[in-house]
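Residues -3 to 899 in our numbering are what the sequence shown spells out, letter by letter.
Check the hints yourself; a few may be wrong.
No farther apart than 27 Å at their CA atoms in a straight line, the calculated lysine-lysine pairs in the DSS-like style are these [what the hints assert, rightly or not]:
(1) Lys234 x Lys138
(2) Lys174 x Lys196
(3) Lys320 x Lys388
Honestly, the hints are just simulated from the structure, not real lab data.
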Amino acid sequence: MCFVVGQAPSCILLLLCCFIASIFALNNSEPCLSNCQCLPNILECKDVDFSKINIPQDVRVLKLMRILILELTNKSLGSTTKLKEVVLNENGITHIDFNFFENHHQVEILNVAGNQIKALDSELFRPLTFLKTVVFKSNHIKKLHENLFYKVEALEMIDFSDNRIVTPITRCMLRDLKELRYLDLSRNEIPSIDSDALEKNELLQYVNISHNKLEDVKTLFEDLTMLTELDLSSNQIKILDKDVFEDCSSLRRLLLNNNRIEYLPLLVFQYLENLTELKLSNNPLKHLPTDIFHQNKRIQYLNIDNINIVHLQYELFHDLKEMKSIDISNNTILQSIDDGIFINKPELHTVNLASTNISRIPVSILSLDNLKNLKLENLRIKCDCRSTWLIKFWEKFSKVNLQYTNFQCKEALQINVVEFLSTLRCDEPQIIYNSPLTYYMLLSGAMLDCLAVGHPEPTITWFTPNGITFHDPLFNETNHPKVHDNQRIAIETDTMNVMANGSLHIKKVLREDVGNYTCFVLNKNGNISAVTTIRLDPDTFNKRQFMSFAVGIFCAVIFLTGTVVVHAIIFVCKKICGKSKEESQKTDIHQMIEAAEQYRSQQLEKLRENYMAQIKKIEEDCAQQTKWIWESYHGQVKDSKDTKDYGAGHIPSIKEQYNDQVRKVRDYTTSQLSKVRENYVFQRDKIRKFSAHQVLRFRENCKYQQQALNKVLENFNIDNCKNGCGQSTSEINFSSDRDVGEIVASSKCHTLEGSHPIDELLSSCNEGDAKLGETKCPILKCRESGSCFSIYYTPTNTTNSPLTPRVLNRRDDTKPCHSDDDKLLPLLAQADDNLPIQLELKSRHNSIVSIHYLGTSSVDENKLAPEQNQRLFETDSTKSQSNTVPTLASKSVDIYPSECSSA
């Protein structure tokens, strides 16, 4: 467009100005030093004098290596303010001022490795709010301040490895680094790390604290769910808890080598399902639990060299199907490895068995089709027919990187193993004789022969019909029982054993021993088997049958004789002890009835005493209430006697009030007595019902015994017993219309010859036991008193007991409720001189407190004769002036026990 017509001169002028400006810029820029690389925003120098380096202001990446800088201050990097990455490796720096980053707030990567820094100020990183990576590797730092990383929240990587740090790592040191993903504190002298030091660093993926002096890491790795690599090697750890890696489910690489671990819990690796590499080398481990790797099926690289185990079991590596490399070298105590330990390991390519004490190489190594590296240095194995498979191995794996320096035979040192094995004679086993079908008597001994030849000498194994396996004494397989069942569970037996020549000896032939016995012959070149059969002699069954009949007849005779003798003894005992049993039965019935009657009497006596106490208390309350009323109205009358007119009009009202108060006391007393009576009747009925219930239960028990005895007699197939019993059916008859004294009791069949009703007991009580008195004959006492009643009778509220209070009569000779009640009447008379008062001292209190207990109503005040009430308050001058104080007669409550009724 510059060459458009009319604009050519202006375009030429513009191009000339640009050319002149570029030449001026080239003349003013400083040339890049040798051994330096100057790129836009990047400056990298090596082996250059620091004083000659001019750092541009706009540089963002600064890398200075092998440049002598003893001290870093806030002016060491000039006036640059846009630095993002600072690399100052191997410069001999010994000190960094605390304000070094005062003008460099945007630094994100700081690498000061390979210097001689001894200490860092606690506020060195305070201005670096964007700092993400800090590398102080290979310095001389001895102490890390707790607040060194305070508020540096963006930090993702820390590398202080290969220093001289001796301070413990505390919780406060890393508390603000929530974005931390990489932590390397290896090759220091850190004595301990707080159990919660990494509590806030949940994003950690790599932790290396190897080559320190740690002894315990119990809960250090809690909540580190993203941790993938952990290096704890070369410390002083002795114990690992089973839950130490509980939250490390993402862990893939775990290094525990070069520690002091003597024991590993069975479940210590159960949470590490993604683990691919594990190193346990150089630990004094004496045993590895069989299922310790059961949950670690993804392990590919396993190092267990230089530990103190003696035997490696097949089950230990059974689940490690993805294994690629295994190192078992330098285990000088290791003596044997199971032959099947490398079975089902298709990806295994490296095996190291060097410098161990094993005498045989596992045969399963032939199944490793991808084997590339095999180390057999410093091994001495047994060169016998069991090791001839090594000839095939050498032919099959000729291209494998095989290292077998000092690989020799124990039998012939300094001789090539393959050459020695090729000269061995090894023949397959053959059976030259075995026992034919044989018949044996029961409980007799048997010997089963199985003679075999071969080179090497074969071992013989017997399989019995019961599924039990007996191995030859020459059989010396490790961890394999000599006698076991189908599940390889060891058993002990004394009935069979294998002799030194391979024959099976049976001490006693039993029924379960009959069947086919298999003789299995085996050596390293092959195997062969033969079957031998055992049968029982037919005469055994005939003898057993005859013996069974003889024993049966003998037992029948013994049983019959014993039965006759026992029945004879029973018959004699019945004759001798019959009378004593009759007396015993009578005594038992007597005691039961006496106990029931005595209990009832005691309860009724206690009830009567309680009732009398309540009546007495009510009487006392009545007297006290009447006294209080009299005292109250006595004062009122006395106060009003001086005022004649007023007193004359007030006396009738006082009279009415007095009568009303006395009437209330009477009604209250009557109601209390009624309640007491109702309670008494209720308790008395309960006692009677209890007594009736006891008798009823006694009768029912006797009935049940009688029914059971009848059933026994019906089912007992002995005619003599039935004929002897006759009509002696035992029973106790309780008739609803008869008294307890009329109970009929008869004894059992085998004790009494006839029925013996209780009437005989009564007669004997009257005649023979007259000296005992009434207490010893409760039945007679019951009959004489007339208080017996049927067991089906339930007392009512109106039924009277021998001890029931019957009538509370009004009696003239009883004590008054309160003798001072009548003193009120003359005082009332003296209050009014115009009213003639003629007092008649009669028993007025009888109409106030009288009570008829058995439903008889009290005398109502309205029933008093009108003349009596009129005359009661008439004025008599003669009597009003006398000092005699009349009394109100009162009636007390009395109790008259009724006679014993038959209810």
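These are the hints, each one checked on the structure:
1. Lys234 x Lys138: holds (26 Å)
2. Lys174 x Lys196: Roughly 6 Å between the alpha carbons, so the hint for Lys174 and Lys196 holds.
3. Lys320 x Lys388: holds (23 Å)
Taken one by one, the earlier hints all hold for this structure without exception.
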